[in-house]
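Chains as they are written, first to last, in the numbering used here: chain U, 1 to 487; chain L, 488 to 582.
No wet-lab data here; the hints were simulated from the structure. Check the hints yourself; a few may be wrong.
In silico SDA-like cross-links for lysine to any residue, where the CA-CA straight-line distance does not exceed 20 Å [to be verified]:
1. 546(L) / 297(U)
2. 579(L) / 141(U)
3. 399(U) / 357(U)
Okay, the calculated bits of chain L under chain U, using three or more residues with CB under 8 Å as the criterion [to be verified]:
4. 542 to 550
5. 554 to 561
6. 571 to 578
Some, not all, of what chain U presents toward chain L, calculated at C-beta under 10 Å [stated by the list, open to error]:
7. 43
8. 48
9. 51
All C-beta atoms in this analysis are idealised placements derived from N, C-alpha and C, irrespective of residue type, glycine included.
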Amino acid sequence: MAYIIKGETGDWEVVIGLEVHAQVISAAKLFSGAATSFGSDPNSNVAFVDAAMPGMLPVINATCVEQAVRTGLGLKAKINHRSVFARKNYFYADLPQGYQISQFDQPIVGEGTLVLDMPDGTSRSVGIERLHLEQDAGKSIHDIHPTKSFIDLNRAGVALMEIVSKPDMRSPEEAGAYLKKLRSILRYLGTCDGNMEEGSMRCDANVSVRPVGSTELRTRCEIKNVNSMRFVMQAIEFEAKRHVDVYDNGGKIDQETRLYDSVKGETRTMRSKEFAHDYRYFPDPDLLPLEFDDAYVAAIKSTLPELPDDKKERFISQYGLSAYDAGVLVAEKENADFFEEVAKQSGDGKLANSWVSNNLFSVLNAKNLTIDQSPISANHLSKLIALIKNNTISGRLAKDVFEIMLVETGKDPEAIVSERGMKQITDTGAIDKAIDDILAANADKVAQVKAGKEALIGWFVGQVMKATQGKANPALCQELLKKKLAQ
Amino acid sequence: MSLDKATVRRIAHLARIDVPEADLDPMVKELTGIMNWIEQLKEVNTDAVAPMTGGTDMKLAWRKDAVTDGAQPEKVLSNAPDKHDSFFSVPKVVE
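Excised from the complex, chain L in its bound form (with noise of 0.2 Å):
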């Protein structure tokens, strides 16, 4: 399998990461490099093997309803770039 640098252009903007137009080449390369090892994978006969989302034998964790955490703006936006009183301030969204 291989990517067109298109492809990675997009994947990379649609990521938010600035790749320059010169360092789109040598990614595609390195990306295409990581897919074709992945491929290797299908080698192996899964036929009786269910689709799984993980690879341990346990089950999904419950938690009551119950109110345990918040109550911690000054925390939650401690790391915040820009803030203006109580919320996060980011430059302008408009629809």
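Chain U on its own, in the form it takes in the complex (with noise of 0.2 Å):
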């Protein structure tokens, strides 16, 4: 279903591109020994590199290395073996070198591609144009004192790695499926904690407008900094628009950077545009290339984990899912797992997909618990459905034990089915009596069925498992009922 802005000249369509800055999960910084720990003491988590000290020199770490190979895989990309740190300069508070050591023209990820869910089950590829890894710069405070900023560069030299899209998003809701996509990669690989609201993860998104048909490419603006996926769709939408009336008023776009006011819900232009563009990029004289070679590469891939896409197809194939369920459940690995553990346990897929994403899910967004905080245990779940299949207790009795397994956190359903005598009746001459009994009391309704009204069956059996507290065999119910109205 294309996304369609209706202006006064024609149809349109909106180009997306994003840039997103993902924190990489490491100890020390990309070029320092200082830590990446969150929420420290201001200007604690800092080495004279960082605060940019004369004759301080910059020494790569590791891991980020790894991480940013390990990314690339993750993202089917080219990994390049030679990579090129530069220095873009730009003149900011919070940036003490004057400079931030980026990669430019030679980045250690080239082109690859992200697999996007759409919520209709549907999927589509978006390019990826490239990874780089990069220094953040520190944190300005502007809220503490009226006339000054503060600075604190605990942040400042954390390792980041860039990922840029291709503009290959065509609406707002394709660049939120972008972002969610992404953080579930990143999250399953253990690069990123993909945390929006600590800033781990944060959207540049490039928005340009064309009319219906067309291949060109317009001027785009980019809207910066976005800190949450609604927001990001939210700036889009908005941003297109704003587009879409400049041209219909014969006005142009000029190609500049812009902030996005989730108050208000606009965007505005940044007052600092010089600050913006002429970084006067070179290759960073402290630093010699970035290289290592395929069998440090092959050692990385050997070590990556099953990732959403293949999950979601085997879920798909090994245990009957549709494509939107699987979708569902892989975006988080912790929800994948839970799901996994329960499916095996209990031996039945598509029951453990209905009790995990219908029941469990729901009962967990209402109570804003994540799956590790869940009441009721993979164990625990796996044997209300093994009840449910061995036919111990009915669907409609085992709602009534998830209740109580929800309130009784820790107790094995097995237990609370035999000490409250939930068990199923199904035996025949209990659920015959019951029976008899309501055919006895609404001789009405049974001349009416037998006058061919067969729909008042339901009716009937939901009388039977009324009168025996949902205990009845629904299946058995309804056939002994079939089997007496119709003689």
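Reassemble the complex: the two chains are provided individually, in unrelated frames, and hints are given to aid placement.
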């Protein structure tokens, strides 16, 4: 379903490319031995290299290189055995060097691919242009003092991976799906924690529009540093409409950097335009080229986990799930692992999916819990499913047992069922009696069924279930009812 | 190769060096001289030489991922012209 913006002069489509800055998971910084931990006291995770003291030289952190290569492999991208660090020069208070050490024309990772899982169950590919390693800047705090900005260099020099997509996305939803998938892959790989609130994943969006059917690329605007997936989607939606309005009124778009104001829901020009361009890149004379061989890459490749796309395919084929259900489960590795344990122990993938994705997830969402905090363990949920499968309890009773399990955390469903006498009645005698009573009390409805109103059988099943407190086996009930009504 | 006055003014601004207007013309001359001197390198045939970023035949040194530095805010801040608690303090930068 194409995303079209109706303008006065015709229909427009939006062209989106995303640049994501993902903070590398490492103990120390990219070029110094200072810690990367979040929330430390101001300027306590700072080496002299990070503070750009004269004479200090950067030395690269092996783990950061490995993490970048691992991410590149996860994005099925070309790994460059030789890459070069460059200085990106700009002047800002939280950048003590006066330049950021980054990579320019020779990044560590080249072109790759990322598959989007759209909400309707379809998928499509988005190209990755490149991934390069660079330093993060420090943090400016503007709201403590009326006339001063305070600078904390704890973040300065922490390793970032800048992951640049091709301009392959055509709607805010696709941009959201891209971020979601990228975050999922990074978390599976263990190369970035993907926490957008704490700023360990930040996004810049490049947005332009063009008439539907055209293949030109018009002037784009870059929306900087948007810190949630929802805001990225909102910012793109606003920006694309702004472009259409400008073109409709005969105007032209200036290439510029803009900020998204999430309170007003609009983008606006960044004042310091000069600072956004003219970076005067040149190779950093303090660093030799970064080089490694095939064996190094192969060793990293051998340790890659099963990634979301492969897991999704396997869940579809191994457990008979739909593409949509499998996509939901694999988005978070912990969820996928939980499901798989339930599926394996209970021996029923479809029932496991239904209980995990529908029943358990809705409870977790409502209580704002993660799967690790689930009040019901995978083992107990598997046992509940086993009780349904061996006809000890009906699906309806299982829902009651599930509710009890939520409250009496840690209690085995088998114990709950036996203590409360919740076992399903499969004894035809007991059900026969209940049916006879109900048929006798509802002679009018019996007559209607006999006159051809078959749909009423469902009503009778409901009455029998009610009379037996849900303990009657519904299939058996239906069978007996049909037999008796046919007499 | 020659630089013009506007370019020199822009470079000075980007480098945050305050060059008085009267000094710009002499600086254009000086910088152009330096550029021309570097231009001489073009006379050397480098067809068979891969671009390099350094002049030594060395490999980049790698470091283990271990926390070996930091925890010294007082030293980091000791030369700061202005500070507040453990923060560097600068004139307000508002975007």
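State the violated hints by number, sorted upward, taking the hints as numbered earlier in the document.
none
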